[in-house]
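Based on the sequences and whatever the hints tell you, model everything.
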Amino acid sequence: MLQSFYFYTLSYTDNGSVFVDYDSGNEFKIDHFSLRLASEKKTPSGEVPSLYVICVLRTCQLLKESRDWRDWAESSFAFMPSSMLEDLLASMLTIFPGQLGVAQVRPIVLSPKLHRLDLFHARFAVELGYLFQCMFYRRLNLRSISVSLQHQSFDCNFRYRMLKLMLERCRLLEDLHSSIHIDVDVLRNCENLRCLRLHYDATYSFINAFKYCPDLDKLPSLQSLRVFSVCNGSNPAATLKFVSLVLKKFPMLTSVGMLESSEALAELLQGAKKGRSLGFQLRKCFWGVTEIERYARHHGALCKLRASYTKRIKAAVFCCPLVEELVMEVYHSDSIQFLSQLSHLTFLSVHFPHPDQDDLPAFLSLLSKIGSQLKHLSVSGLKGLPTDFLWHTCPQLESLRLDAESATAPSGVVRDFRVRHLTVIRGEPAILEFLLSSCPHLRELFLVKCESLGDSLLHTVLRSNPMSELRVALLGDCCLSQEGKGMFVQKAKSLETFHVHSKLLGEESLTCNSAHNGCQALFAKEFFNVKTHGCCF
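37 is the number of the first residue of the sequence shown in our numbering; add one for each residue after it.
Treat the hints as calculated values from the structure; they're not laboratory data.
Simulated crosslink set (SDA-like; lysine to any residue; CA at most 25 Å straight-line):
hint	residue 1	residue 2
1	LYS350	MET288
2	LYS277	ARG319
3	LYS405	ARG319
4	LYS527	GLU544
5	LYS200	VAL138
6	LYS277	ILE216
7	LYS200	HIS157
8	LYS149	HIS213
9	LYS347	GLN377
10	LYS285	GLN259
11	LYS485	SER385
12	LYS539	ALA528
13	LYS527	GLU505
14	LYS529	LEU540
15	LYS561	SER416
16	LYS277	LEU314
17	LYS284	THR346
18	LYS561	HIS213
19	LYS284	LEU261
20	LYS561	HIS477
21	LYS529	SER500
22	LYS277	SER344
23	LYS567	ILE406
24	LYS347	ALA398
25	LYS284	VAL263
26	LYS350	VAL325
27	LYS285	LEU208
Given below as structure tokens:
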């Protein structure tokens, strides 16, 4: 299967690895850092790179050298599994940004085994449309396509025409994420399409499309849609109309992304017959306010907004009883009580934007009712939250994100709590000690603006919790010394990616993956940041 991988051997040197190509006799020397950079496959710091990583890098080199794979009687890439092809393409785009042409990636993208084509952050040396053009003439089995205008400065019309031709041949397509403008009709042949994410403000264009062609929702290609989202819709009025339209046309949708949906749901319920269930199937929702309403708050309309917001959330809960993942902004404490009716809710990210409100009793009451079903919880902006209360009411938590600046300190340590993803922002010493000591199964730890974390506190924590399962750690704005950093790395034996920003050390990184190079880049990979990203939710 991996024919091209059998043409070289490798030997290790002190400074790197030397590859001997039997075909040409040339030697290639690559240091271990470059090997790690070649693939998303993480290797613990200090370990010899795996054979898989080495093979991926070597194949990327051969492709970059533009070796004419068309001379082969049978292409090696026609036999590789899709996951391996995806790793090769992602590695090439990471290692050679802005240096690749169509010839270098053609063997990968034309493979009938490739199921997922992710070019969203790709930078090519040529017009991306030429790649689409070459794909048009081949049989494609793509299930997922992600394309962007980013880093492209060529003819947009040409790129659109070529993407349109390619999509017409992707009959097995299930997932499309595009910042290149498309018409609904382009998807006519994609009868398996389940996820459509448009990374441009397409709200008005699709409203007009349905206005002039009201039967567009009858297209077979749209009958299977479960996710229909505009990743960066910026016009609040258009967002309301768009969400109302797609929910009426596609009541089986499970997500409209991070578009605010409570206002549209309340409007649809108001227009329905009294007592009638609208039968929406939404599993993921964002309930908050639009930019227009935020503007209104600063002009004396806050009381009116709070009153209407409670009614809106009540209507949204009634319309969507199957919601499993919810991101919510709380503008009135009375609105929280209705969430107790969401018996399927397992993911809750809640923000309290008004510190002058006393939202704590309502939130604690909610947790006492649904805490046992929650697996992922993020809380910010809430005053006086007792951290140990979370442990007693939410025993199933696997992920926790807490803005702990105004949280209250607990009285003891809870042993063997099952949290694996922990993010703490602005934690006081007692709160940090409690949280870190109570989570022995941590795999990801993100501490942000935690100046109270010093050598002494860390030593106390590691005595009760050596963090033996920890793989990723970001310690931001802390006060660790070189000794404290060394103690942490020595104890956390499974650590793969580690970044520390200390007032005493500056910024240091011990990471196997260049994709996590820097505090912000690593924090972007934090569990809740990924889950609630506009392109993923």
